[in-house]
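Enquirer: Here is what each chain is made of, one letter per residue.
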Amino acid sequence: MTVGAWEAFWLIVHREMRLSFRRPEQLLQPLVFFLIVTTLFPLGLSLQLSLLRDISPGVLWVAALLSSLLSLDSLFKSDADDGTLEQLALSGHGLTVIVVAKTVAHWLVTGLALVLVSPIVGTALGIPTDAFATMLLSLALGTLTLSWLGAIGAGLTIGLRRGNVLLSLIVLPLAMPLLIFGAGATDRAISGTSAMGALYLLAALCVFTCTLAPFAAAAALRITLE
Amino acid sequence: MTSSGGFWYMGGYARYVWPCIVFACLVLVWNLWSARRYLAAAKIRAARALAMAASEAP
Amino acid sequence: MWTWFYKLASPPYVYGVAAASMPWFLGLAILTIGYGLIGGLVFAPPDYQQGDAFRIIYVHVPSAWMSEFVYTTMAVAGAIALIWRIKVGHAVAAASAPIGASFTLAALVTGSMWGKPMWGTYWAWDPRLTSELILLFLYVGVMSLRSAFEDPARGDRAAALLAIVGAVNVPIIHYSVVWWNSLHQAATVAKLGKPSIAGSMLWPLLSMFVGFMLFYGAVLCLRLQGEVLNRERQSAWVREAIKS
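Residue numbers (my numbering), protein chains in the order written: chain A, 1 to 226; chain B, 1 to 58; chain C, 1 to 244.
There's no promise every hint is true.
What the hints assert, rightly or not - Using 30 Å as the maximum straight-line C-alpha spacing, the simulated BS3-like pairs for lysine-lysine come out as follows:
1) K87(C) - K43(B)
2) K243(C) - K7(C)
3) K87(C) - K77(A)
4) K7(C) - K87(C)
5) K243(C) - K87(C)
6) K116(C) - K43(B)
7) K7(C) - K43(B)
Don't read these hints as lab results, they were simulated from the structure.
All values reported here derive from a predicted model rather than from experimental measurement.
Generate coordinates for the entire structure from the input sequences, incorporating the hints supplied.
Expert: Here it is as structure tokens:
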């Protein structure tokens, strides 16, 4: 029975989701890390909530970036370890479909989870509720872009010693424009000015990355697997 | 020509201008030196590899 | 002419060309850099606004240009190597990375020193400075990735892919001063038509650009020989080559 590309996509997404939910603790780890990192800033700086508001977009975004990085390691690693990745690569569907499916599934359980948790964190950092819409949208776009940048990095660093340090070293510089626009959008929303410019740029970055990154990530996997 | 105070004074900006020039020259020198070392090490390793291959040949 | 391109894919040929041309590159580089420095530091008149501090331009701008140029070369060489499987491309990319990183560092440091008298601060998070700093991180990432692999060929390919992905940053650096109103000065030399800078200041600067390019050529020749040797250690032509 041959399976078309779309079916393969949904099958892999479905599989990834089932595997992720089999170990719910693994899902919670990046979220808890996100909460902990955001807590570190107010504790370290001991600021009033009103002053915390000024740095809150940056804190939120740095925390989201770091927690996403933490979870990226698992994108390909377990499948690479037990040989599933090679089987998928040999399946004839092309690495690109597989990479898209795995990354989308990964974003659904990590990035989207971060976005859903962010109102809690935002309140803790003093972000006013009328800035939440921008915050959520910018985080959604940003985490999706980050999942893609991370997929390229993860594909390049599977199986390397200290691979996760190298992964961060590779992904973070690429993610810096993202941080600038994402935090900038939320910042503008908090101060009342229009965040549309920053949001458009963020969306452009997201579209650009989502279009090209699958090919780069598939090429990365091909380099690692051959 | 440089303004009052002479060449080394750089019109009062000497402590910014000269470290820059010196640093840039250091970078250039480092590049040459490190590239020479790299090539020398590569030659030694190649010679060693050839010697091992020659001694292993039947 | 195309046969020359074919020959460039051959490691022994490249090794020979690099060994022979290095002294020429270096000699010309020393002459042009010497002229540039003397012309810029001694003979150019002080700037109307910046006084003698503007002379930092003679090392800062060529360094910044080289940091972008070398990265682009590294990415293109890596792409050629990946697409057409020409190993010499990987050697060029590997040889260029540390050179480009050092130019980036020079640009950042000299720029910082120039910033203090001009803007009152050693650093600002403006788009051009930030993206130049990101470029340094990208260089370090590429070099680290290449060395992290036990199989050097695989390391080369991974580093090439990363260099290509990071190449998106180079236009951002270059056009950041156009796209954003920021602290950093906009283009003075590369504007088409009359550059907005005096002749006695311009010629030493152009000479420094040429000199730095030639210098990159010289250092690249040296490192490229080393990289080719490392990748071709087992080949027969190496025996003759290393006798020199």
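Enquirer: All hints, please: hold or fail.
Expert: Checked hints:
1. K87(C) - K43(B): 19 Å, holds
2. K243(C) - K7(C): 22 Å, holds
3. K87(C) - K77(A): 29 Å, holds
4. K7(C) - K87(C): 13 Å, holds
5. K243(C) - K87(C): 23 Å, holds
6. K116(C) - K43(B): 45 Å, violated
7. K7(C) - K43(B): Holds, at about 23 Å.
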